[in-house]
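Undergrad: Residue numbering for the sequence shown follows my numbering, beginning at 5 and increasing consecutively.
Not one of these hints is a red herring.
16 Å max Cα-Cα, derived EDC-like pairs, lysine to aspartate or glutamate:
hint, residue 1, residue 2
1, K237, E327
2, K265, E194
3, K341, E184
4, K223, D58
5, K66, E207
6, K79, D100
Listed next, with one range per pair, are the computed distances between beta-carbon atoms:
hint, residue 1, residue 2, range
7, N357, E211, 44 to 52 Å
8, Q262, T137, 46 to 54 Å
9, G191, F220, 34 to 42 Å
10, Q231, E136, 31 to 39 Å
11, Q231, P302, 19 to 27 Å
12, E206, K185, 51 to 59 Å
13, E275, F234, 28 to 36 Å
14, N259, N187, 24 to 32 Å
15, D192, Y423, 38 to 46 Å
16, E338, D394, 34 to 42 Å
17, D58, K391, 46 to 54 Å
18, Q55, E275, 38 to 46 Å
19, N259, E211, 26 to 34 Å
20, K232, R276, 27 to 35 Å
It should be emphasised that the hints constitute simulated quantities derived from the structure, not laboratory data.
Don't be surprised by glycine CBs; every beta carbon is placed ideally from N, CA and C.
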Amino acid sequence: MSFSRREFLNKGLLGVGATICSSNSWASATTKLFLKNDEPNIIIKLTAKQQLIDVGEGIKTKFWSYTGELIKGPKKTLQTTNGSYLGPTIEVRSGDKVRIIFKNELPEPSIIHWHGLDVSHENDGHPHNVIETDQTYQYDFVVENRAGTYWYHPHPHGRTGFQVYQGLAGLFVVRDKEEEKLNLPSGDQELNLVFQDRYFNEEGQLEYRRSMMGAFGNKLFINGTSQKKFNVKQGLYRIRLLNGCNARIFNIAINNGQEIKQIGSDGGLLERINKLDRFYFAPAERFEFLFDFSKFLPGDIIKIESLPLVEGRGTKYTIMEFEVSDEAGVVFKEPLKLSNFTKIDPNEAINLNSPKLFELIPKRGVGWTINGNGYEADRYEKYEIIKFGDTEVWEFYNPTGMPHPMHIHGTQFQVLKRYSGRLQGCLDHGWKDTVLVLPGDRVQVIKRFNTYKGTFIYHCHNLEHEDMSMMRNFKII
5 MSFSRREFLN KGLLGVGATI CSSNSWASAT TKLFLKNDEP NIIIKLTAKQ QLIDVGEGIK
65 TKFWSYTGEL IKGPKKTLQT TNGSYLGPTI EVRSGDKVRI IFKNELPEPS IIHWHGLDVS
125 HENDGHPHNV IETDQTYQYD FVVENRAGTY WYHPHPHGRT GFQVYQGLAG LFVVRDKEEE
185 KLNLPSGDQE LNLVFQDRYF NEEGQLEYRR SMMGAFGNKL FINGTSQKKF NVKQGLYRIR
245 LLNGCNARIF NIAINNGQEI KQIGSDGGLL ERINKLDRFY FAPAERFEFL FDFSKFLPGD
305 IIKIESLPLV EGRGTKYTIM EFEVSDEAGV VFKEPLKLSN FTKIDPNEAI NLNSPKLFEL
365 IPKRGVGWTI NGNGYEADRY EKYEIIKFGD TEVWEFYNPT GMPHPMHIHG TQFQVLKRYS
425 GRLQGCLDHG WKDTVLVLPG DRVQVIKRFN TYKGTFIYHC HNLEHEDMSM MRNFKII
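Build the full structure now, drawing on both the sequences and the hints.
TA: Encoded structure:
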């Protein structure tokens, strides 16, 4: 991809450009300047291409996948799963200077969005920046996020759902010193699990069946393979979950009413353990929990299940299973405190008493919309222009019968208030970048716009709704 000199300089971190990030949304105020003579300490080449992969069904299926090459950095930076269609898990540390060179070998335009990462608009994967077949796009950014589970996926307007469904996604794990001091379960006792459903036809090939409800599959995959059972040692485990589905919402529980001890959300660790018996888990949300398998006997089976979304309607089903072995694991203990977590003071907001309202509704001739407006590449409503440094309260209102997981790019936010309709059990704790707005819900979130200027997007993360125009720009000036 070629740039003029002016465009090159405007890219900020592209190559040897400079950018300033101040006062990120979850930590104390800091200022970081990526100096012109700084070199990235991690360089990765990611290629999107078509591949034939047997995911455990005994048939070669055509997927679109990310393949990775580590050019510079620790070996563990890129981690792959054999027989998986998912891209490599990228693992970095907070403060790392990262360069990722994306090459598009797909037969259509694409771009990568770093979901949950606080990066400049040039590095965010905005649809404005899609590249054509055989072109490359270079991302350069400092990892400002705290330790947590993030991910990456394509973001071309109108084709995001299709491309993700074909297999384009991967985890992006960030670690930091605060987390390391806790001595949480690690190594074999730390599991990353990505849930995705896909529709396979009789020939064993993917079929993308899009509707106003979304795209749903007839098979469920864990980490891009058909493996549903995992052997575990007798000990405490740290388990990370990502709902990587296009549209499917789970109602997660552990069989026999086992307690779920949440330790982390979209944006990293909570302050303390949050105990749950079940929760709604929407597309793009992440969830981390501790589970002690030492309380079970060898051969015992523990199931992660999805209960009916509405009680009395539908049946529960098993997502995956853990089988307990007779091997003792490394001894880890549950920490009493997880992190230094500070809630945003609502009085910071310039509009605390008049939240910006975003109504999630369909509109004839447009599709799914936000306030009746569909996606337009270069248009902003007055309320979508935001002054850099401001803190705002946004209220998502869903008067329809369809759930909408709403994602805001840029800095993480916090859920301030939820006025529930009939259903309860959403994940509102901690730092968030995606919030589930169920039918009848009004959800207020509070967000600081204090790290980067530029154009970003907010949208429903039911990817078919997003592609049907339930996405808008906002500009920080």
